[in-house]
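Trainee: The lines below spell out each chain.
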Amino acid sequence: MNKLLLIVGGSTLVYACLAWTMGVWPGIELSKLPAGPGVEPLTALQSEGREVYVANGCSYCHTQQVRPLDADKVFGRPSAPGDFKYQTPELLGSERTGPDLTNIGARQPSSVWQYIHLYNPRAVVPESIMPSFNWMFAVVAQAPAGVTPVSLPRNYAPAGGVVVPTHQAEALIAYLAALKQPALPASEAPSASGGAPSATGASSGAAPTTAKASAAAAPVASYDATKGAALYTANCSACHQASGEGLPGAFPSLKGDAVVNKDDATKHVDVVLNGLHDARVSGVVYSSVMPPFSGTLSDAEIADLIDYERSSWGNHGAPITAAQVGAERAKAK
Amino acid sequence: MQAEATARHSDLSEKDNRALISVFSAYTVTATLWLLFATGVGLLIAFKFGAPEFGGGAWLTFGRLRPIHTNATFYGFASIALVGLGYYVAARSCGTKLYSAALAWTGLVLFNVAALAGTVALDLGYIDGDLEYREWPWWIRLIFLAAVLVSAWNLIGTVARRSSADIYLSNWYIMGGTLWGAIIAIVGVMPWYQYGLGQVAVSGFYMHNAVGMWFTPLALGVIYYSLPKLLNRPIYSYALGVFAFWTNLLFYPIIGAHHFEFSPLPWWLQTIAIVFSVAMLVPVWGGSSNFLLTMRGRIRDLIHSYPLMFIFVGVMSYLIGSTQGTLEAFRSLQQVWHLTDFTVGHSHLTMYGIISFVIWGGIYGLLPLATGKKASQLGMALHFWMALVGCFIYVTSLSIGGTIQGLDWMHGLPFIQSVIDMQSYYVGRGVGGLLMFSSHIVFGWNVWRMCYGTGAVASPLQALRAEESVA
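Chains A and B, in that order, are what the protein sequence lines are.
Each residue of the first sequence is one higher than the one before, counting from 1 in our numbering.
Each residue of the second sequence is one higher than the one before, counting from 1001 in our numbering.
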């Protein structure tokens, strides 16, 4: 009997101590962490949206943790402990079959896009393998007052009637819109010394290289078409589409657009740097919001991107240089 | 001492013997049904990576089926199968009857009620958070905890009735595993220290320990009994087995945080986890070399016995999969593989390659000894080869694909490029999955033959040896 007690009791006691030290105790301590500056609890509708997110297992494909690695810079600043104060249950996730959503409210502020994408992701991203959540929508003959129907491209729209979101979908989109990282105070920001993060992208080298390139008075505008195309895919094509034609009624076309083809690129640079809302293009007013890219792309990257747009799909805008972007950026300050 | 333990056939009364056999059979049969369900769901969601519109609507959406697949595999199939094997191993190696057949049946009902309720709840969208392997609503997890406690009590009671002074090593693992499993379930379900980042720490602990301190010890217990039994030869080094037991117990619980490297969890917590992930090589290499040395020079027996082949694959997966786990924990490699499908490959190499193969080896080796009915050689061959080849294709596809995914991100390509690059590897996963699922159908047929069939007594080799042992 003593032997049984020794093996069973001894090993269980050891295990219980280790479970306390590595599971429960860190849990107790970390549960007490205060909220970081600017981290707010969700509103009632947003929390409801979070429940929809959890119930449908969104975090099995979308993480909500930005790691302090170059690969994660596209998703925002590195997550800080104070970001998670109001996040129970936690949604860090373990797989990134789809992109990280920590900062999606800032990265994709257009609810018009979010509704189309939720209804059928392939309507805006042809290569997407995310399931359609069309069961969170209803098809009605006419949208009730105050409800905007989802502006689906024709080949994804139902044969008759219009598509309107259910309350579930509205809550979910409200939650996604609320996912914005508050800026860290300079003292806390990891490696914030370099100033503007030259984050994204297509640069095959590490990020610092791009930063240097833009700082050191741009090595003349030899426009890098590969980089430009990759930057466009990563940042623009979700709305403006790979064809540059946008989606009628939802996102304006860049193909043949007056701003893109005008030789004076001031307006074009301004829109990419600072974003746009309620744009009137060729007589149509677009309610989608375009996010600003001044915080995430360097001057050189924006120049490559804009040159790509100005020379693709039959466009003939005069090319620009990183220096021009730098000048515009300075003006905006 | 241990040669006696694995050979002991006991002087059980016919009634007690029948009670043990029907408990073992019933656990195996319900586990098999859960295996078929869980991997059927797994196959469906594997197809969704290539055909995202396949199976629409809320009830069949990927995000609800994914936790149904993992939980049904963990708590339906693997838990029930291992506890059933545990009862048989404990009673036989102690030369006694079950402490209580009624408790065993109660446990079986509780396990099944929990798995059924959990599956329905998840499909209806009732979930306690996308917290890996503990998604079931808390009250369902309490039912599961009750089932584990009942099993632990019953197993300890059985070992307490043993006829010898010593306790065979298998029973250390089996009793330990159920008690540790209960602690894991308690830590996972209590709410008071699970807010925000605190819950992340608990998630790291839970998702890792559920695999390594619940399933692995029970599976190791099954190997320590079945291998000497099937080979009719004592384990190579009993002392090495004891050493691996204690080192595993000391190192494994510490490494959960390596699932959250580069996260905002305290850096020291992540670093300790990495250090002990390396330390885990000690029990893993110790345990697997002990098994391989037990098999030394018996290649002919091995290739003529599918139960041994299943266990051999389980041991090799233990060696390779766990060593891979140590490598994955290094920050330099985690940087590439973390959050990619490489992780999914790893979890299948371990939960499928180790746990499931050991379960099958144990069932094919021990169930015929209990019921006196055997599965056909063809049935076992079909199961073995389809499962092995399927798992190989599955794991290889996701390991290569996951590496490409990680490199795409490191090279700063647009995210969608990593989705496009995975397509052919997702096809590989589907093909591997189809083979694995097909092998489970054959397994179902084999289980039917071993429980209710009219087959002859177990294969000549085993039956002969079993007779010798009794004598």
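These are calculated hints, taken from the structure and not from any lab test.
As the structure is a computational prediction, the values presented were derived from the model and not from experiment.
Do not take every clue at face value.
[Stated by the list, open to error] One-sided excerpt, in silico: chain B residues whose CB lies under 10 Å from chain A: (1) Gly1050; (2) Gly1057; (3) Ile1167; (4) Trp1180; (5) Gly1196; (6) Val1202; (7) Ile1303; (8) Phe1415; (9) Gly1428.
[Stated by the list, open to error] Covered stretches of chain A, going by a simulated chain B footprint (3 or more residues, C-beta under 8 Å): (10) 49-58; (11) 108-119; (12) 156-168.
[What the hints assert, rightly or not] Counterexamples of contact, computed for chain B against chain A with all Cβ distances above 12 Å: (13) Glu1014; (14) Ile1021; (15) Gly1055; (16) Trp1139; (17) Trp1172; (18) Met1175; (19) His1304; (20) Met1316; (21) Phe1330; (22) Phe1392; (23) Ile1441.
The beta carbon of each residue, even a glycine, is placed where N, CA and C say it ideally should be.
Trainee: Would you mind marking each hint as holding or not holding in the structure?
Mentor: Hint check:
1. Gly1050: holds, 8 Å
2. Gly1057: holds, 5 Å
3. Ile1167: holds, 6 Å
4. Trp1180: holds, 5 Å
5. Gly1196: holds, 4 Å
6. Val1202: holds, 5 Å
7. Ile1303: violated, 36 Å
8. Phe1415: holds, 5 Å
9. Gly1428: It is violated, given that the least Cβ distance between Gly1428(B) and chain A is near 15 Å, above 10 Å.
10. 49-58: holds (count 5)
11. 108-119: violated (count 0)
12. 156-168: With 0 residues in contact (Cβ-Cβ under 8 Å with chain B), the coverage given for the stretch 156-168 of chain A is violated.
13. Glu1014: Non-interface label on Glu1014(B) holds, nearest chain A Cβ at 28 Å vs cutoff 12 Å.
14. Ile1021: holds, 25 Å
15. Gly1055: violated, 9 Å
16. Trp1139: Given a closest Cβ separation of 16 Å, the condition holds.
17. Trp1172: The claim breaks: Trp1172(B) does not keep its Cβ more than 12 Å from every Cβ of chain A (closest is about 5 Å).
18. Met1175: violated, 5 Å
19. His1304: holds, 36 Å
20. Met1316: The claim holds: Met1316(B) sits with its nearest Cβ about 26 Å from chain A, beyond 12 Å.
21. Phe1330: holds, 14 Å
22. Phe1392: Phe1392(B) is indeed farther than 12 Å from all Cβ atoms of chain A, at 22 Å.
23. Ile1441: holds, 27 Å
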